[in-house]
Amino acid sequence: MRRVVVIGGGIAGIQASLDLADRGFEVHLVEKSPSIGGHMAQLDKTFPTNDCSMCILSPKMIMCADHANIKLHAYSEIEEVSGNFPEFKVTIKEKARYVDVKKCTGCGDCIAKCPVKVPWEFEEGLVKRKAVYLPFPQAVPRKVTIDGDHCRTIQGKKCGVCKKICQAGAIDYEQEDSIVELDAACIIVAIGFELMDASVMSQYGLGVCKDVVTSLQLERILSASGPTGGHLTRHSDNMEPKKLAFIQCVGSRDAHMHGYCSSVCCMYATKESILAREHAPGLEATIFYMDMRATGKGFQEFVSRAKQNYGVRYIRSRPANVQLPAGGNGVLVNYETSGLSGESVTEEFDMLVLCPALIPSKDAGKLAEILGIDLDEDGFIDMPDMARPVDTSRKGVLACGFVSGPIDIPDSVSQASAAAARAAELVDGGDR
Amino acid sequence: MMVRIGVFICHCGHNIASAVDVEEVVEYAKTLPWVAHAGHNLYSCSEEGLGSIKRSITENKLDRVVVAACTPRTHEPLFRRACEQAGINKYLFEFVNIREHCSWIHAKEPKEATEKAKKLVAMGVAKAALLKPQTESEAGVIPTAVVIGGGISGLVAAASLVEQGIETHLVEQTDRLGGLLCDITTIGPEGRHARTLVKDVVQKLEASPKTHIHRKARVSDVKGFIGSFEVTIEGCDGPTKVPAGAIIVATGTREFAPTGEYGFGEHPQVITQLELERKLAMGEKPKRVVFITCVGSRQPGREYCSRVCCNVTLKNALALSKASPDSRIRVIHRDIMSSGSAAEKLYKETSDSGVRFLRYGLERPPEVVSDGDRVNVIVYDETLDEVVSLDADLVVLAVPMLPPDDSEVTGKLLKVPRDKFGFFLEAHVKLRPVEFATDGVFICGSARWPVNARECIWQGMAAAAKASIPIKEGKVVIQAITAEVDPEKCAACGNCVLACPYEAIEIVDQDGNRAAKVNEAQCKGCGTCVAACHNDAVSQKGFTSGQLGAMIDALVKASLEGSR
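Just so you know, the protein sequences line up as chains A and B, in that order. Under my numbering, the first residue of the first sequence carries the number 887, and numbering increases by one thereafter. Under my numbering, the first residue of the second sequence carries the number -9, and numbering increases by one thereafter.
For reference, chain B alone in the conformation it holds in the complex (with noise of 0.2 Å):
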């Protein structure tokens, strides 16, 4: 066997090149067995680091390449495909990350992170020479989309798949569709009236063939991967399974209770938005209203800023205060969350209607006080510096938003993650904000984190955009990572099956032999299986004992040589 590699390590500007000393780490791999060529790049990725490396593959004739640069998870995917366009397979290439662990971890240390550098780059170099050409496998793709949650962002995201001609469940909890919105009035800072806004949507929705919901239904079960899922929704006329080929999470929502704070629970005064919200639909126009804000947020325990409670505080004190020439509305708060256009032109307007806003801090937090009738809320003003006291009709309390109460129950059937506040975690906060890491899985709306409607409308686009992609497309690539079975070695004894967190290893008869059989569409390549066996019956591509050990081989070849 002819093994030709080629070694490319990356400055990353200097990003890498502060710590490590690149050329020296270049010389040293050029020392290194199979090595046929070593060079670097001051950006491997830039179009023309990418290009260096493919012209230095034709010339040099090479048949593995191995980059040491930042991380596999931005950046492999980008080397694999600059490979395979220069006409070596893509599985023939091993990523080193020499950047988080080794310049910005030993930033300081330039000498230990630059030997270090080395000794990734002797091991990579060491399973290149034993990777293997692999082929991947494709699998279809069930042209159906499921949506859990009927609140706007998964009416908007099955409207939109509906509407791009794609076969859509919705799955809605209660017998309603439309979720919080259907407790408002107006959803601020546009002034939108909310159940129109709901309404025009669910028509549209009824009106195409393609749509199927699902009303006091929830989903039970969900079996499968990209592609090919099966969803058991439990609804009024007992289960029903719905194979498809990719989900949305939209489950919303929901207000904090704040029992015990501010009076909440004791005085019939003291309300929620949302309970002020229902007030205002029965037409109640009450006059002296005091609205506290930040009320079981922004403190320890529940640190988050729950993002849209003063915009909709902004936009009731405003109705209120236009409703009556004599009202007194008053706003308690920590900060005034009215960020972009709209809702700064909504804070500057209501302030302008003679809402009085008054801050104040976690270190003197408002005491609401009763005399029958009537609440008094005693404040310090820290701009007046002093203790006012407002009497009130009404005293209203903006709380968070929650995640569902099953939303650990959902997170658990779709095998995603959430945060520590029980909101579900997407696949990269900055650049993947409504997809899972988990394949066909998306997510979108409140359920995520707090968003006003007019966001849980482009969100549930947005996931509608990303789960329609594999659906049009009609097929899903497998990467060939996944683990296999030689079933001359395996003893069926099972312990594979019990391991793999993903269900995609089953025992099965083959011409009399029962062995375990992995099914590679469902298959992550996490590996747990090949640590589970026993007889060494199971192996992953990519990641072969054999590959393994020859890196730490090399390991302790090149710690051997440094200690010299």
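Here chain A stands alone, though its shape is the one from the complex (with noise of 0.2 Å):
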């Protein structure tokens, strides 16, 4: 059987997806959220080029969603595995939009008219959407989404008002979830990362004080698409800021957090502090980090870039703690200066970034169960063979992407064709 189902919808699973379908397979890609495109569709530009980073990706989940191979199965999750390698029997849970998308065109007047507002997961709750919702405009597939959980009517309350607006018919309040059951050959784990909650390392402030974010809410913020469009102001306020910080390894490369690196915060904080001085000229920012881990093709160089080109200023320091200053703006950010002769700082930002640990995708230890693999001590998908990368502990079942360990994006798609040369081998050529 040529068949293989791909777990998660990012970077790695759509280019595993590629890889396979163009090679022959006939591939199921099954993803939890509404649309496919992962957390790379968020980002406004990539390191070190500078690269728009939907420009990049958005042709990708097109491809997904076009190729005769492809089945998509969005807003899906798996429910069950049984079987063993070549012959997993897969039940797929495709819960229920409340919506048909055979008649769904994707106008947005149902969206227009819902008075249900709820903080919106792509924008990383800087602004609200609606309970009727397109996670972002280049959704793949472009079909509109009820959250059941916030939706007046599903919650049997009196409402509504998109049915009555939608002229395609296509919302349906009763529909219920469906389940698919398939055979595959294989079965590919993608299902990437999530930050860690910064508010729970509270002497950091997120939370507390307005003008300290998440490195994936700045993002958003330099984002031209974004809730700011690409105007980069603070929260309390909304002034330009003039000095922004940010703080690395926010609960990573911490004992008492995650022990490991999470190896991409230092090139995207020097990424978003090129950024924020090229939409804000003249901004000062600061990055304080431990190491500088530019190890990748053109990393070094961008870093030196953003020194020389952008004034970045690079603080070996952890800082201890941050206060709110009397004027309820900015932040003030506590810190010593490395060395015996190290003396404490107080210093003002008008803005604070945290760099939080990036984790397993909370779903991987339920998912883990479901297929009988076993994940390693910091919650990652352990893969026990350094000769077999994208083998996981269980036959047939293979992983790639963050989930299997922290990564970037091309290290991601990387693995994620060697994923699809392994399923390849392994369906072609038998027993290895």
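Because the hints were derived from the structure by calculation, they are not lab data. Accuracy of the hints is not assured; some may be wrong.
As the list claims (entries may be wrong) - Straight line, CA to CA, 27 Å or less: simulated DSS-like cross-link-like pairs of lysine-lysine:
1) A/Lys1193 <-> B/Lys410
2) A/Lys989 <-> B/Lys410
3) A/Lys957 <-> B/Lys80
4) A/Lys1281 <-> B/Lys200
5) B/Lys200 <-> B/Lys465
6) B/Lys410 <-> A/Lys931
7) A/Lys989 <-> B/Lys44
8) A/Lys931 <-> B/Lys98
9) B/Lys106 <-> A/Lys931
10) B/Lys420 <-> A/Lys1193
11) B/Lys98 <-> A/Lys946
If you follow the hints, you should be able to join the two separate chains into one complex; please do so.
Right under this line is the structure:
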């Protein structure tokens, strides 16, 4: 059988699907959220070339939707897996969107009229979306979804506005989850990462000081298609910050939180500093770091450029805590300079960006149980044999991308292609 | 001829619309000759945008499409396919870039950006009116692959191809397989025994009748193009010509020789990591060792971080520290690059084992002084803010990886580019890490950028995945942008043959007439031959002189109108 199930529709899952589909395999791509794209869709630019992230990603997303060999199961979850390689039986739950996707044209009339507002996941909670929503304009598939937890009608209250407005007759409040069962030779897991909740480290003020944001929130603020239209502003008074600080390793490389290094923060903080300066001329960016890990192609030069051309200040220090200044705007950062002669410094910044640990997607545990695979002590999928870098502990179940350990986009992409090769080896070549 | 052109201007969210007045450009497009419809989309490349273009083609009976948006490099295939899906030949599509050429570069001059966008659209429309439908041709693919380089990346790439049922030739310069892994003991951070790992892959390869290993051999010539390369392998028994559908480059890396740095080459106690590996393999256990990292890298002249040296240092420092309880192991470094999970754990374990870490800055690098048997390393410790002297039996320099000596030759043979350090340059650093821009040629391992063994292995597999696609598909499609020769006008002077960078043109006899002939599969559509021809005998599909002339006329006309 030449069918492979890919779980996770971020860049790794997309690449693995495209390679396998081009190679003649039938691919079922399962994505839990309403659209594929993953975190890469949220990024403004990518390091070290500052390529527009969505511009390079969206053609791949469309190709996934268009490919004759790829069946997309968006807004779906893996319910059950039985059997063994090469005859897994996979049960997929396609969650109710309360929308007939065959009828929905994605026109957005329902969104305009919906009276319910909830924090927008794609915009990292910076602004609100409606209970009926499109996750982002380039969503694939471009079909609206009704968020059943917040929709008034679904919750038994009086509303029904979207149904009245929809000319296509696509709204269906009675819709139920549906189950798809299929056989597959191999399964590829690519469910990615999420940000650690940085408010847990209360010393850094997230959720208390208005002008403290996460790095992914800053990414949305910098994005021309984001909530501020690409204008760099801080929350407390909508002013453009003149002094911006980043704290690295928030919850990573930390024995009390996550011991590992998240691998990408040094570079994205450098990128965001450069972009911030481009958005706000004269802005002074400061990065508090432990080791500057610029190990990829063109990374060290990127850091040098940030220092020389954009005046980015790199301070080797792990700030102790932050305080809210008397005026209520900005933030005071308490840190110590390095060396025995180091001194305590309190410095005021207009805005502070936290770079939290990137942790395995929260579904990793449940999915590992369903698939019968092991996780390592950090919660990433265990890849026990370095000679087979995309094999999990179970034969025929492969993994790639961040969920198998912290890596950046190019490494995720090459790992995804490797997973495609491995599936092809297993299916075409028999046992190894 | 009925020409009904549809023009679609893209907002690209705010990317274009923040500087270019999209609606003004739409209104302007409506005034242009042959334009039957003009509209705009928030994101033309979204499912919604593509759908609206397809609907408009049907509703407005369009037979040509112009999209003014971003760059054809990433998005042209999408729009061409949308045209095809709506029933128009995909070569009746013209792309105008008003993002890079207007809104981004003139972000602060919205009026000028809008005017320029109008002119570019007028040029696109003028060209579109003259476009002709084209038919793409197909070429077969030889079901064989050639892998250049027998290090771990090349071995794994070959093993994966063979496992997928593909006949594979592996070309290795030396008489041993495994490359740098043959010279090291264990692979960090996992601690896997290097030679066993190599042996396992080699055994698997040798067991397959589809494998052809060429030891002490090199590639001396490459002809052809994706699907039908001819690779000349110069081996012990003379040259062999191997037909192949795809080629994987896995020529690896070598260690920088830091002659003159820190007494290397002067004091026998100062050695490189690879030399230490050889000592460890012989069972030597030096007790007082100082490691210095970033020797010859991350500094002017060789700015890059070589990615693997910190982890090799940590692995060896830990091994020596564990080997004898009274060892004194010191690591002098600038940053410890133990990215990720396993490497960071290794760093912690090494530092817990008693290995001492001292940080130095480029402005005050350490010094090595010798008093005969011993060497001393004098270093300013940033943390202690004082100069310390460390005595050592051995000083180990962590030096960067360099591209192999012959990477320039390999690059020229395969017509693939290299970066300023000599590493091979992939098609796209973010999304096409194991492909070259040249179709059918792929790259993996440290020849692209220094990577550790685990990364070499998955990149080798990734390159195999890419190479297997055309081979298993059995055919490749040739874009209809190739050059063609009018034999009536051709004087067979040979200028185009000399000008062609792809060796795609030859002079042939056709019914007694000598004339140039283009090999379509080899032609990349660069247009060099068109410019070289004195007789106007060569033209390029989709870029004819008539079409380009019409664009210039349209620009002049639009400029004159604008100045009125």
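| field | Numbers of the earlier hints that this structure fails to satisfy, in rising order | value | 2 and 11
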